[in-house]
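My request is simple: use the sequences and hints to build the entire structure.
Heads up: the sequence lines are chains A and B, in that order.
Heads up, the first sequence is in our numbering, so the first residue is 1 and it goes up one at a time.
Heads up, the second sequence is in our numbering, so the first residue is 1 and it goes up one at a time.
Accuracy of the hints is not assured; some may be wrong.
To be verified - A few chain B residues that don't get close to chain A, going by computed Cβ distances all over 10 Å:
no.	residue
1	E96
2	G166
3	T171
4	V226
5	R277
6	T305
Said to hold, decoys possible - Restraint-style ranges between C-beta atoms, simulated for each label pair:
no.	chain 1	residue 1	chain 2	residue 2	range
7	A	L245	B	K123	43 to 53 Å
8	A	P230	B	L155	57 to 67 Å
9	B	L162	A	R18	40 to 50 Å
10	A	T45	B	A53	34 to 44 Å
11	B	F42	A	D47	22 to 32 Å
What the hints assert, rightly or not - Which bits of chain A does chain B cover? Going by a derived footprint, with three or more residues having C-beta under 8 Å, they are:
no.	stretch
12	119 to 126
13	163 to 176
Source of the hints: derived by calculation from the structure; they are not laboratory data.
Glycine is no exception: its CB is placed at the ideal position from the N, C-alpha and C atoms.
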Amino acid sequence: MTAAAARRRRGKAAEILRRHPTVVAGTVLLLIMAAIALLAPYLWTIDPQAVSPVRRLRQPSERYWFGTDMLGRDVYSRVIYGSRISLAVGLCVAVLSTALGLAIGLVTGYVRLVDAIVMRVMDGLMSIPPVLLAIALMALTKASVENVIVAITVAEVPRVTRLVRSVVLSLREQPFVEAAVASGTGFVRTLRRHILPNTIAPLLVQGTYICASAIITEAILSFIGAGTPPNVPSWGNIMAEGRSLFQVAYYIILFPGIFLSITVLAVNLVGDGLRDALDPRLARRM
Amino acid sequence: MFAYIVRRLLATIPVMGVVAIFVFSLLYLTPGDPAVIIAGDFATVDDVARIRAKLGLDQPFHIRFGDWLWAVLHGDLGISIFTNLPVARLIGQRVEPTVALTLFTLIIAVIFAVPMGVLAAWKAGQWLDRAVMAFAVIGFSVPIFVLAYLLIFGLSIGLELLPVQGYVSITEGFWPFLERLILPSIALGVTYMALIARITRASMLDVLSQDYIRTAQAKGMAANQVLIGHALKNAAVPIVTIIGIGIALLISGVVVTETVFAIPGIGRLTVDAILRRDYPIIQGVILMFSAVYVLINLLVDLSYTLLDPRIRY
Chain A
1 MTAAAARRRR GKAAEILRRH PTVVAGTVLL LIMAAIALLA PYLWTIDPQA
51 VSPVRRLRQP SERYWFGTDM LGRDVYSRVI YGSRISLAVG LCVAVLSTAL
101 GLAIGLVTGY VRLVDAIVMR VMDGLMSIPP VLLAIALMAL TKASVENVIV
151 AITVAEVPRV TRLVRSVVLS LREQPFVEAA VASGTGFVRT LRRHILPNTI
201 APLLVQGTYI CASAIITEAI LSFIGAGTPP NVPSWGNIMA EGRSLFQVAY
251 YIILFPGIFL SITVLAVNLV GDGLRDALDP RLARRM
Chain B
1 MFAYIVRRLL ATIPVMGVVA IFVFSLLYLT PGDPAVIIAG DFATVDDVAR
51 IRAKLGLDQP FHIRFGDWLW AVLHGDLGIS IFTNLPVARL IGQRVEPTVA
101 LTLFTLIIAV IFAVPMGVLA AWKAGQWLDR AVMAFAVIGF SVPIFVLAYL
151 LIFGLSIGLE LLPVQGYVSI TEGFWPFLER LILPSIALGV TYMALIARIT
201 RASMLDVLSQ DYIRTAQAKG MAANQVLIGH ALKNAAVPIV TIIGIGIALL
251 ISGVVVTETV FAIPGIGRLT VDAILRRDYP IIQGVILMFS AVYVLINLLV
301 DLSYTLLDPR IRY
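Here it is as structure tokens:
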């Protein structure tokens, strides 16, 4: 790369930073969190599962950065490992619910008969607040990360279906779709070549917001004891353990809470950035 | 109008029907034997058999569903597995704190969030707008229970301004009642406020670019008259819609808020039921909250005619 090209590239990076400081901040924060999650085995200081009654409820110090909990486990190391659960749940739920919602939404938007039935079911599911729906599912299954992911996905799918269906309904009236159908394009090919590509942008934005809300829902479920099993450190779990002790050991709740908030904020900022970039019409309004 | 109300009320029947079928059939759809899971790790064979009989899992699906639905339609939500008391009565005992908390939150959220959105739209692009939008993004990102503990650490433990936890009925004095609701309501309301402020701003921005707003300004009307009399009135429909839809946030949030602040409401009942795997209670709570949610949004739909005379049913 020549010096001039390097300067141009630097100039471009500075321009992006100047125009979208929040998006850049969100992306950087998210990358840091992802790095913490991936590098957790190298970042912990004391085995996050090691119970030691002797050193229980220690204040944050040079040795125990975020203090220790009532079983003497190191809060810092547990928070570091907790990032894995939150990010994994957020990502899995976002991918699974957009994929499922896309499949159902494409079919309902295009086939009238299915539409009437499926959308009544979706209306019913959407009238159950998502956290309660996930609680109901968790009450009847064994506590595990996989079940948490499934429960939150089920709660999110109706909204994605709605979105995809509305996009498909408006697309099928568009001249280019009518032209494709008129020129003899088959059903599958029309969906794949003309409808599907146009649903990607709104889905990507929606997927980011779902990721943020799934991270919060997982933390809520774990916090009230209906989520990730207690032997797996997740931010919600760690905070749940500090619930009865918060007057004496504030740090058990504070540190995972900060990590949780920053992660959700980062995902939301990235979502806002994607929305601005992909849907300029909506961006001006919001 | 009357015909429309009747039609809309009838339209809620299939929606509630889906909710009922869903919460009921979960017992059958989830993998594994729900009776074993509910009974817990230390249950004997007799315990499991007892729970199975109690949930009616020993009978075929359609008979059990028919009996259950018939009972629900008569206000009987079943019997709690753990306490052996009727679920409807357990919920009834816990209604007051939850209604007080959600209503108070709803009121303060609307009182603060709508003016915030209006001012942000009026000063679009300026620092006030940026501040409101920053609040909207952050408010939507900080989970309720994190905010709740930050408030407790700061205002209750640090400054000793407000009680840490608990609930006092309004019959025992207005101030003790109110001072214990302030922190829970802020914690519960911030996400909701962020949502309302954002939609208010967007809706106001749409209206403020209309010709009749320029006309009103050109003829020298005061800014606040234009904003409230002309703009807010015409921006009201999306705002009221989001206030209705956002109730789902409050209902979900109540579960967490009541846990943090030790408020003996329906949310707390739900959490206790989860820990004891008392599914009939969870079933009853979901049915009730969903019905409330559907009815509130029906009222919102009906309010459109009052807000916008152009809408006629």
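Going through the hints against the structure:
no.: 1; hint: E96; result: 20 Å, holds
no.: 2; hint: G166; result: 13 Å, holds
no.: 3; hint: T171; result: 29 Å, holds
no.: 4; hint: V226; result: 20 Å, holds
no.: 5; hint: R277; result: 6 Å, violated
no.: 6; hint: T305; result: 22 Å, holds
no.: 7; hint: A:L245 - B:K123: 43 to 53 Å; result: 45 Å, holds
no.: 8; hint: A:P230 - B:L155: 57 to 67 Å; result: 30 Å, violated
no.: 9; hint: B:L162 - A:R18: 40 to 50 Å; result: 43 Å, holds
no.: 10; hint: A:T45 - B:A53: 34 to 44 Å; result: 52 Å, violated
no.: 11; hint: B:F42 - A:D47: 22 to 32 Å; result: 29 Å, holds
no.: 12; hint: 119 to 126; result: holds (count 5)
no.: 13; hint: 163 to 176; result: violated (count 0)
Going through the hint list in order, the structure does not satisfy hints 5, 8, 10 and 13.
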